[in-house]
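Undergrad: Whenever a hint applies, use it, and build me the whole structure from the sequences.
Protein chains in written order, with UniProt numbering: chain G, 1 to 337; chain A, 1 to 337.
Just so you know, the hints here were simulated from the structure itself, not pulled from any lab data.
None of the values given here were measured: they were computed from a predicted structure.
Watch out, some of these pointers could steer you wrong.
Copies of the same chain look alike in the list, so a pair counts if it fits in one copy or across any two.
Unchecked claim - No more than 30 Å apart at the CA atoms, straight line, and that leaves these computed lysine-lysine pairs for BS3-like:
1. LYS7 - LYS97
2. LYS127 - LYS307
3. LYS300 - LYS268
4. LYS179 - LYS127
5. LYS127 - LYS97
6. LYS307 - LYS250
7. LYS300 - LYS183
8. LYS250 - LYS7
9. LYS307 - LYS179
10. LYS7 - LYS183
11. LYS179 - LYS97
12. LYS250 - LYS127
13. LYS7 - LYS179
Below, each chain spelled out in residue letters.
Number of protein chains: 2
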Amino acid sequence: MKLATLKHGGRDGTLVVVSRDLTRCQTVAGIARTLQAALDDWDTVAPELELVYDMLNAGHARHAIPFDPAHCHSPLPRAYQWADGSAYINHVELVRKARNAEVPASFYTDPLMYQGGSDSFIGPRDKIVADDSWGIDFEAEVAVVTGDVAMGATPAEAAASIRLLMLVNDVSLRNLIPKELEKGFGFFQSKPASAFSPVAVTPDELGVAWEGAKLHLPLRVELNGAAFGCPNAGQDMTFDFGQLVAHVAKTRELEAGSIIGSGTVSNKQGGLWGSTVANGGVGYCCLAELRMYETIEQGKPVTPFMKAGDRVRIEMLDEAGNNVFGTIDNTVVPLGG
Amino acid sequence: MKLATLKHGGRDGTLVVVSRDLTRCQTVAGIARTLQAALDDWDTVAPELELVYDMLNAGHARHAIPFDPAHCHSPLPRAYQWADGSAYINHVELVRKARNAEVPASFYTDPLMYQGGSDSFIGPRDKIVADDSWGIDFEAEVAVVTGDVAMGATPAEAAASIRLLMLVNDVSLRNLIPKELEKGFGFFQSKPASAFSPVAVTPDELGVAWEGAKLHLPLRVELNGAAFGCPNAGQDMTFDFGQLVAHVAKTRELEAGSIIGSGTVSNKQGGLWGSTVANGGVGYCCLAELRMYETIEQGKPVTPFMKAGDRVRIEMLDEAGNNVFGTIDNTVVPLGG
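TA: Here it is in structure tokens:
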């Protein structure tokens with residue numbers, strides 16, 4: 001099943017069921033007005049939404065309208081929980097290598113996560129409002145939306161709580177990070193509002209691509225119209241989503257609608273630090289990785305961060321070439337611009 | 001105006017207006033079913049709630065029922081944003097002094113904040129479910145709930161966005177903190193679900209005690225029936241709530257219902273590191289501070305962290321001795337107990 005949130009209808013928007021091919025959608029106010037409302041009562045609501053989904057796909061939905069991602073907010077325009085992992089250790093290894101630091105051994109057994117802010121996401125086609133001097137970067141990731149998760153849940157229990165998957169652009173302000181991490185309390189101003197894919201999909205929708213609580217499809221990133229990355233999100237993921245969600249739930253219960261991210265998708269590409277798409281590699285899912293690669297190879301970063309007018313697109317195609325989640329498409333605009 | 005949330009009525013509970021003396025309350029489903037709904041549309045809703053408040057205080061509310069904090073959830077049982085500052089630098093100075101580290105100069109001009117998780121708070125009278133080995137501690141604080149705040153808001157604009165004040169018990173798991181901070185991404189498992197006071201109050205309710213975006217009243221903490229702390233929340237607060245909220249909004253907008261905490265209230269007590277209530281001082285608002293004081297004075301901490309059965313009470317009285325927010329009253333129970 002595929003679900004999206006149209007922007008009209010208040011702060012939480014309006015829930016729609018979207019056809020598998022992303023061409024049509026239907027509002028379902030009689031079932032659930034918002035995605036959070038559906039998640040709050042998922043066992044009752046999901047079967048009813050599935051019926052609408054089946055009718056949409058069969059072309060029998062009487063009130064279907066064309067689906068336009070330009071009218072979408074993030075599936076959860078605001079959420080009660082957004083925590084993001086660093087499950088692709090290659091990303092961490094690259095950062096450390098660029099400053100000649102070791103990756104602590106514990107990083108391979110204990111997930112590294114940060115607590116994000118979730119009160120106001122931007123939409124999949126919204127502008128990134130930021131000052132060029134902040135070092136604007138994208139991070140292309142996969143994320144899951146959970147149901148209720150008990151404190152102390154096992155990774156298997158946590159994996160079973162996963163209700164939906166989405167893509168994320170975890171916007172990061174690189175030039176604000178060093179000073180912030182120096183303070184010792186983690187990211188804060190350096191992690192502004194993230195954008196999610198127009199569509200959230202249930203795990204069953206992904207077929208064999210959803211295996212072992214990992215999503216085994218390439219994540220495609222395009223920067224200013226040129227291919228920038230296409231690593232496979234199922235490869236080199238040190239911690240699966242069951243492990244990530246269980247990490248969050250170790251000392252607290254998680255409530256329905258919690259979003260847990262994978263961290264920047266990153267493939268090792270045969271033990272190297274990766275290579276660009278232009279050089280025949282799978283490229284990268286953030287500018288920072290390319291800049292670290294450049295630092296390792298050439299002594300300093302060459303590729304600049306994003307500036308006003310720069311545009312990033314993030315999407316995932318299934319094996320038949322169909323767009324699964326719709327496309328995140330964010331352009332930078334200056335603060336006050 | 002005083003507002004609370006009764007536990008029945010779903011995940012967000014049921015909003016009630018509470019009389020100034022905390023003896024009676026009234027549901028207001030016809031105005032706003034939940035506190036978040038009221039905050040989402042505050043300018044329209046607040047005047048209607050004020051009318052109910054006036055009637056309650058005058059003894060004219062026809063459907064008033066007795067107010068029982070035991071039936072309360074935290075005013076926002078779940079929220080879209082919970083960020084917590086360290087505005088009382090004495091707390092930070094003590095931590096650093098105990099390990100012979102300097103407080104960086106920037107800490108006096110740039111607020112130290114961490115991003116908390118907000119999907120599932122515990123109620124003011126709920127148990128703290130935790131394992132004794134985690135090093136269970138309380139942190140008594142003041143928090144504000146904001147309306148919408150624009151990105152880049154000034155401290156004055158941010159202060160004007162404050163809709164409500166509450167008390168917080170920011171439960172902290174001290175033995176999980178060192179390893180977590182070592183990882184570099186801040187608190188995560190070490191900050192489980194916080195508890196808020198039964199009642200949230202509007203700033204105008206506080207009269208002259210709300211001045212300069214600080215709350216000038218003693219915060220009373222009692223541990224297992226003995227006075228533990230009573231520092232004044234208006235003293236030694238290096239950053240006021242306007243500055244704290246503006247810090248959060250530097251790179252993102254904040255949506256209505258965002259909760260921003262002060263950090264553990266802590267008074268310098270004449271340049272010393274504070275002293276216990278028993279020794280004639282104003283005491284402390286967390287066990288960690290007392291343990292750091294003991295470390296500085298005696299070479300090692302003496303007071304243990306909380307264990308199963310231990311109970312902490314947090315409240316604030318106005319100058320006439322009336323309980324302003326109701327009392328937070330949390331007892332520790334073991335995981336799986």
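Undergrad: Output the indices of the hints that this structure fails to meet, ascending.
TA: 1, 5, 10 and 13
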